[in-house]
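Numbered per my numbering, the sequence shown spans residues 66 to 534.
FYI, nobody ran anything at the bench for these hints, they're computed from the structure. Hints may be right or wrong, so weigh each one.
Mimicking DSS-like on lysine-lysine, the simulated pairs with C-alpha atoms at most 25 Å apart in a straight line are [claimed, not checked]:
#1 501 to 487
#2 388 to 446
#3 285 to 395
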Amino acid sequence: MNQSLEVRESKPGKTPGTQAGGAIANPVQSLLKRSDSDGLPTRVLSAIAAHDTASEVLVRLLQLVVVFVFGALYAVSPKTDAGTAFSPVPYVLAAYAVFTVAGLFLATRMRLPDLVVYLMTFIDMALLMAMIWSFHIQYQQPPSFYLKAPTLLYVFIFIALRALRFEARFVVAAGLAAMLGWLALVGYAVIIGADHMMVTRNYITYMTTNSILIGAEFDKIIAILSVTLILALAVRRGRGLLIEAVREQMAARALSRFFDPDVAGRIRAAEKEIRAGEGVTRDAAILNIDIRGFTTLAAQMEPGDVVAILSAYQDRLVPIIQKNGGTIDKFMGDGIMASFGALLPTETSAADAMRAVDAIIGELDAWREEDDLPTGFDPAKINMAVASGQVVFGAVGSDDRLELTVIGSAVNLSAKMEKYNKELGSRALATANVVKAAREQGYVPPKQRETLSVTITGTDIETPVVRLY
């Protein structure tokens, strides 16, 4: 498996981003549309549903905070009725607290159906309006008294809380509930106060008495409507970005399984698009690993058993390589090629590679002692070789399919040395310069090792190599 990045040309069509932008072009249709999630993969829908559930829990928690704050303010505020009048506010607050806790309980245990969310939204506003309505009873004033209560401002908090779901329809529902509730309160005050001529057109009279100024109440309705629409449009656009972000995150997570984590991180962090032909020169160590005789063994096994061996082999070795600072460059059948110091420059590339070899040998020896090894498979036949030198790390391929890889003489030498293990009957080799550099970088070999001068198959030059194992 190569460290490949495939880029396909986008086909015309709607995406969450374009749908979000379309919210401005057609706001009514955009706000009434249920969701941007049609046609998305199930795993993306599940991630969005999890976000919605967490958001609903957050909404309920914040509503509890609002109840607590309002209750605290009510408790410390002076009471003008000297305790003689009926006080419904505490009962309304208690009812709202119970309702909010019940909603929180449900939200933590299930994804609330849309109908339940709508119902809770309307009940939230109904309880708030009931509390505002109760003020004129508690303070023994005409109904127009509650129209001047600053508690109306809490409707904007309730509308804003609905924006946490990134669902414009719930914001609209909260706004409509607030407008209908306030219209009902205004209508009640006008009808009940009709005998007392409570309606006025004089602003001063309105401000200094319990009179009703229709224009002022109309302004409040307009303010609620405006905030609702602006928030809904913002949420609608944000919903598109959320879906796109979730889809990109899921795609990146899926793709990262095909890349070394460090390579995936480099792709994500790139400030500009990675293009073929771009590369950097690094001093790096290259490790090649292969299972000797695996092709012959695989021909005698069931396909499932072959894949199982390769999976177990890679599961054991790859974490060791990565733990010691290595980056998986590619999987080649039963072969693994890793680089140390190519992706990210390091002063200990040779030492890191040598430590990785030691750890792999220890893991393979432990594997040999297990009882469930497939017939004919011996972990001791897994061979390795390390070479170092200047390599080029970069992207090769075409514009629509790229591979991040290392190129250089050290890569070729490491691959040829790995095959030369068979000639020497060794398990792991390294060039003498790798061992020397590793010592200088703080590596301490576990035992005395033999240095040989050999002509590697495929080369015409005598190469000093060290038999590691």
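Hint check results:
With a C-alpha separation of about 24 Å, the suggested pair residue 501 and residue 487 falls inside the 25 Å cut-off, and the hint holds. In summary, the hint linking residue 388 to residue 446 is supported, as the alpha carbons are separated by about 23 Å, within the 25 Å threshold. Using a Cα cut-off of 25 Å, the hinted pair residue 285 and residue 395 is violated, with the two alpha carbons roughly 65 Å apart.
Checked against the numbered hints listed earlier, the structure breaks hint 3 alone; every other hint is satisfied.
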